[in-house]
Amino acid sequence: MKILKKIKLNNTNYYAVIELEYKQLESNFPVLRLKNYKDDYWDGGDCSILIEKIEENYSLKKAQQYDNNISYMADIVYIYDRMPFISGVKEIIFSNNMAVEESYISKEEIEKYIKEFNVKMNYNDNFKLSDYRTWKF
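Everything in the sequence shown is counted per my numbering, starting at 2 for the first residue and increasing by one.
Keep in mind that the hints were calculated from the coordinates and are not lab data.
Heads up, a few of these hints could be off.
[Stated by the list, open to error] Using C-beta positions, here's what the derived DEER-type ranges look like:
1) ASN125 to SER104: 46 to 52 Å
2) GLN65 to GLU112: 41 to 47 Å
3) GLU20 to GLU102: 34 to 40 Å
4) MET99 to TYR42: 34 to 40 Å
5) PHE30 to LYS7: 42 to 48 Å
6) TYR42 to MET122: 18 to 24 Å
7) LYS9 to PHE30: 34 to 40 Å
8) ASN69 to SER28: 49 to 55 Å
9) LEU33 to LEU61: 20 to 26 Å
10) LYS91 to GLU27: 32 to 38 Å
11) LEU26 to ASN98: 40 to 46 Å
12) GLY46 to LEU26: 15 to 21 Å
[Stated by the list, open to error] Within a straight-line C-alpha distance of at most 27 Å, the following computed BS3-like cross-link-like pairs (lysine-lysine) qualify:
13) LYS62 to LYS108
14) LYS24 to LYS121
15) LYS108 to LYS121
16) LYS108 to LYS91
17) LYS36 to LYS6
18) LYS3 to LYS113
19) LYS7 to LYS63
20) LYS24 to LYS9
21) LYS24 to LYS63
22) LYS7 to LYS36
23) LYS24 to LYS116
24) LYS3 to LYS62
25) LYS116 to LYS36
26) LYS24 to LYS62
Here a beta-carbon is modelled for each residue, glycine too, at the ideal position from N, C-alpha and C.
Based on the sequences and whatever the hints tell you, model everything.
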């Protein structure tokens, strides 16, 4: 299952693509978990709080530390550095209430970009969606 969570940075709406799957607990009770992430805890409310913090603390200057030339990639990497569990980022541009343009960049493409262009990251290997103390803004 994939869900999209909106992230508004300045006047641009991005959508974090998050892959989830159902897993069975010991009691045969199904729970929704992050797919393909080491700490698979999932809570939509915690994710919404994280997104609020990301939006509140965003600045062009912070994003430009990732890419000073391409603002789209600066924003994408800014999001990815704070939400390492996402599987990609989508952008949908609307005009007159109709989608007129849509783009999508996968986690693999983001990581390739980071590697190829030596983008300095603030990797947070201890990130856990369930622990606010591990979040960065």
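Outcome of the hint check:
1. ASN125 to SER104: 46 to 52 Å: Taking Cβ atoms as reference, ASN125 and SER104 lie about 26 Å apart, which means the hint is violated.
2. GLN65 to GLU112: 41 to 47 Å: With Cβ atoms ~20 Å apart, the hint is violated.
3. GLU20 to GLU102: 34 to 40 Å: Violated: the Cβ-Cβ distance is about 24 Å, outside 34 to 40 Å.
4. MET99 to TYR42: 34 to 40 Å: The hinted range 34 to 40 Å holds for MET99 and TYR42, with Cβ atoms some 37 Å apart.
5. PHE30 to LYS7: 42 to 48 Å: violated, 30 Å
6. TYR42 to MET122: 18 to 24 Å: This hint holds: roughly 22 Å between Cβ atoms.
7. LYS9 to PHE30: 34 to 40 Å: holds, 35 Å
8. ASN69 to SER28: 49 to 55 Å: holds, 52 Å
9. LEU33 to LEU61: 20 to 26 Å: violated, 35 Å
10. LYS91 to GLU27: 32 to 38 Å: About 36 Å separates the Cβ atoms of LYS91 and GLU27, which means 32 to 38 Å holds.
11. LEU26 to ASN98: 40 to 46 Å: holds, 42 Å
12. GLY46 to LEU26: 15 to 21 Å: holds, 19 Å
13. LYS62 to LYS108: holds, 23 Å
14. LYS24 to LYS121: violated, 35 Å
15. LYS108 to LYS121: Roughly 16 Å separates the two Cα atoms, so the pair holds.
16. LYS108 to LYS91: Holds, at roughly 11 Å.
17. LYS36 to LYS6: holds, 16 Å
18. LYS3 to LYS113: holds, 22 Å
19. LYS7 to LYS63: The hint holds at about 19 Å.
20. LYS24 to LYS9: violated, 31 Å
21. LYS24 to LYS63: violated, 37 Å
22. LYS7 to LYS36: holds, 19 Å
23. LYS24 to LYS116: violated, 33 Å
24. LYS3 to LYS62: Violated - the C-alpha atoms of LYS62 and LYS3 are around 31 Å apart, more than 27 Å.
25. LYS116 to LYS36: Given pair LYS116, LYS36 holds - Cα atoms ~23 Å apart, limit 27 Å.
26. LYS24 to LYS62: violated, 40 Å
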